[in-house]
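Trainee: Chain by chain, the residues run as shown.
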Amino acid sequence: MNLNVKWTWFHRLGSPRWFYQKTQRWLPWLSLLTLSLLITGLVWGLAFAPEDAKQGNSFRIIYVHVPASVVALAGYYMMAIAGAVGLIWRIKLSYMLMRSAAPIGAALTFIALVTGAIWGKPTWGAYWVWDARITSMLILLFLYLGVMALRHTYSSSEAADKASAILGLVGMVNVPIIYKSVDWWQTLHQPATIKFTGAPSMHPDMFMPLLVMIIGFYAFYAVTLMLFTRAEILRREYRASWVKQLVTNKTAEK
Amino acid sequence: MYNYLSAGFMAYLRRDLLLGIRNKSDLVKPLIFFLLVSALVPLAIAPEAERLSQLAPGIIWIFAVLATLLSVERLFSDDLQDGSLEQMLMSPNLLIMPILGKITAHWVVIGLPLTLLSPVIGVWFSLPTIAVMPMMLSLAIGTAVLSLIGAVGAALTLPRQGGVLLALLVMPLYMPVLIFGSAVIQSAVDGLDWTAPLAILAALLAIAVALCPLAINAGLRLAKNG
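Protein chains in written order, with numbering that gives the first Met the number 0: chain P, 0 to 253; chain G, 0 to 225.
Just so you know, the hints here were simulated from the structure itself, not pulled from any lab data.
Worth double-checking, as some hints may not be accurate.
[As the list claims (entries may be wrong)] Computed footprint of chain P on chain G; a stretch qualifies when at least three of its residues, placed anywhere within it, have a C-beta under 8 Å from a C-beta of chain P:
| id | segment |
| --- | --- |
| 1 | 79–93 |
| 2 | 163–171 |
[Claimed, not checked] So the derived list for chain G, only partly shown, Cβ under 8 Å to chain P, looks like this:
| id | residue |
| --- | --- |
| 3 | Asn22 |
| 4 | Arg50 |
| 5 | Pro118 |
| 6 | Val119 |
[To be verified] Just the calculated beta-carbon pair ranges, DEER-fashion:
| id | chain 1 | residue 1 | chain 2 | residue 2 | range |
| --- | --- | --- | --- | --- | --- |
| 7 | P | Leu32 | G | Thr194 | 35 to 43 Å |
| 8 | G | Asp25 | P | Gln20 | 19 to 27 Å |
| 9 | P | Val172 | G | Ala198 | 13 to 21 Å |
| 10 | P | Arg234 | G | Asp192 | 40 to 48 Å |
| 11 | P | Ile214 | G | Thr194 | 57 to 65 Å |
| 12 | P | Val172 | G | Thr194 | 48 to 56 Å |
| 13 | G | Ala10 | P | Phe109 | 54 to 62 Å |
| 14 | G | Val36 | P | Leu34 | 24 to 32 Å |
| 15 | G | Asp192 | P | Leu31 | 27 to 35 Å |
| 16 | P | Leu226 | G | Ser83 | 40 to 48 Å |
| 17 | G | Leu191 | P | Leu32 | 52 to 60 Å |
Idealized CB from N, CA, C, for every residue including glycine.
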């Protein structure tokens with residue numbers, strides 16, 4: 000029957016049912032890994048990492064701020080690529096992933112902005128400064144909100160998915176341009192008071208817990224993305240027989 | 000093939016220009032908006048020439064962005080209502096040439112008048128005369144980019160006809176144009192080399208001309224089906 004045997008793995012990868020069943024098995028392990036990474040990183044970073052010479056203990060917010068910003072930015076690319084995969088190969092699952100990635104990414108961007116503001120007060124003396132990174136994170140938040148808002152424009156979810164995917168791609172081309180232009184604008188208006196100690200110049204004792212936290216945030220992102228996508232699969236595939244079976248089995252068990 | 004392509008461009012350019020000229024109120028609205036909000040600035044801030052000329056580069060560009068945003072919403076929605084959009088979408092080809100024709104017409108009707116009007120705002124805000132020419136060049140190139148990016152947003156939000164959603168989609172994408180556009184004027188005021196940011200604006204225009212019509216084409220086809 001199936002002439003194109005080699006591609007079956009690819010088609011299976013795009014099947015919501017396959018994803019739902021696989022993630023059911025992966026989720027407990029991945030959640031455990033996430034939890035242990037985050038707890039290790041937080042305890043190490045907040046309690047045992049050495050104090051910063053200039054900023055004292057206030058620098059410790061870096062262990063939440065930097066991972067959130069890194070994953071928020073990577074999440075945008077993840078969302079846009081999922082949308083592109085959906086557009087090119089017409090895979091339903093990747094649209095579901097794209098839709099689930101938007102609110103998670105927006106939340107992470109928001110966390111990055113808020114922790115940045117809290118960190119900014121003792122360090123720079125102000126909650127908000129128009130620093131290049133902060134400004135581009137703010138624009139990233141608007142890009143995420145745009146993708147989230149666009150889907151309410153269309154009555155059919157298929158058209159909404161395609162439109163969000165197109166917007167995601169347009170945004171993906173623009174993210175580097177926006178970042179570079181904001182960077183350039185920043186050098187034009189350079190306020191002399193702001194100095195940021197970047198991650199590479201950190202002492203290993205400080206950097207190792209940060210690395211653990213970044214990996215932990217990626218794992219956390221994967222877990223939440225799976226949870227959101229599973230909910231999305233159930234919402235969209237409620238007519239499928241396996242979903243009906245799943246629900247009736249669950250109620251029968253009770 | 001070449002003739003066919005350029006015919007699509009010219010047909011839509013001519014049609015939209017004609018529509019623009021016949022609908023004089025649509026033509027004038029963004030310009031009046033541009034003048035009106037500019038007149039608010041001295042009232043709200045201070046009528047002193049020194050402070051106004053400091054604000055001028057940024058303010059002229061912010062208002063140019065807002066005026067374009069106001070007008071770009073109508074770019075495809077009128078065509079959707081009277082059915083001519085569907086006619087355009089009947090073509091099985093990529094609609095790059097008709098789309099570029101429509102956007103060029105939009106620029107001639109909105110961006111070009113804004114550019115020609117901008118010296119008036121320059122005088123109001125006591126912008127130094129050496130900055131007038133760079134300002135007009137930056138507006139001429141920059142508003143074309145704004146029309147192209149705005150058209151992407153207009154195509155994607157077509158089923159609900161823009162509004163705040165259009166602003167949310169398009170504003171973040173407008174940031175680079177705003178930054179380099181006002182940088183051109185600022186550099187000219189400061190007596191620096193203003194051709195560098197202008198060249199970047201032109202580069203943005205080149206990217207936008209190449210990529211935006213593809214996204215607009217896809218968006219319009221969605222709007223018809225969705």
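Trainee: Each hint should be assessed against the structure and marked as holding or not.
Mentor: Do the hints match the structure? See the list:
no., hint, in the structure
1, 79–93, "violated (count 0)"
2, 163–171, "holds (count 5)"
3, Asn22, "26 Å, violated"
4, Arg50, "17 Å, violated"
5, Pro118, "25 Å, violated"
6, Val119, "27 Å, violated"
7, P/Leu32 / G/Thr194: 35 to 43 Å, "54 Å, violated"
8, G/Asp25 / P/Gln20: 19 to 27 Å, "56 Å, violated"
9, P/Val172 / G/Ala198: 13 to 21 Å, "19 Å, holds"
10, P/Arg234 / G/Asp192: 40 to 48 Å, "56 Å, violated"
11, P/Ile214 / G/Thr194: 57 to 65 Å, "46 Å, violated"
12, P/Val172 / G/Thr194: 48 to 56 Å, "25 Å, violated"
13, G/Ala10 / P/Phe109: 54 to 62 Å, "47 Å, violated"
14, G/Val36 / P/Leu34: 24 to 32 Å, "53 Å, violated"
15, G/Asp192 / P/Leu31: 27 to 35 Å, "59 Å, violated"
16, P/Leu226 / G/Ser83: 40 to 48 Å, "46 Å, holds"
17, G/Leu191 / P/Leu32: 52 to 60 Å, "54 Å, holds"
Hint violations for this structure: numbers 1, 3, 4, 5, 6, 7, 8, 10, 11, 12, 13, 14, 15, all remaining hints satisfied.
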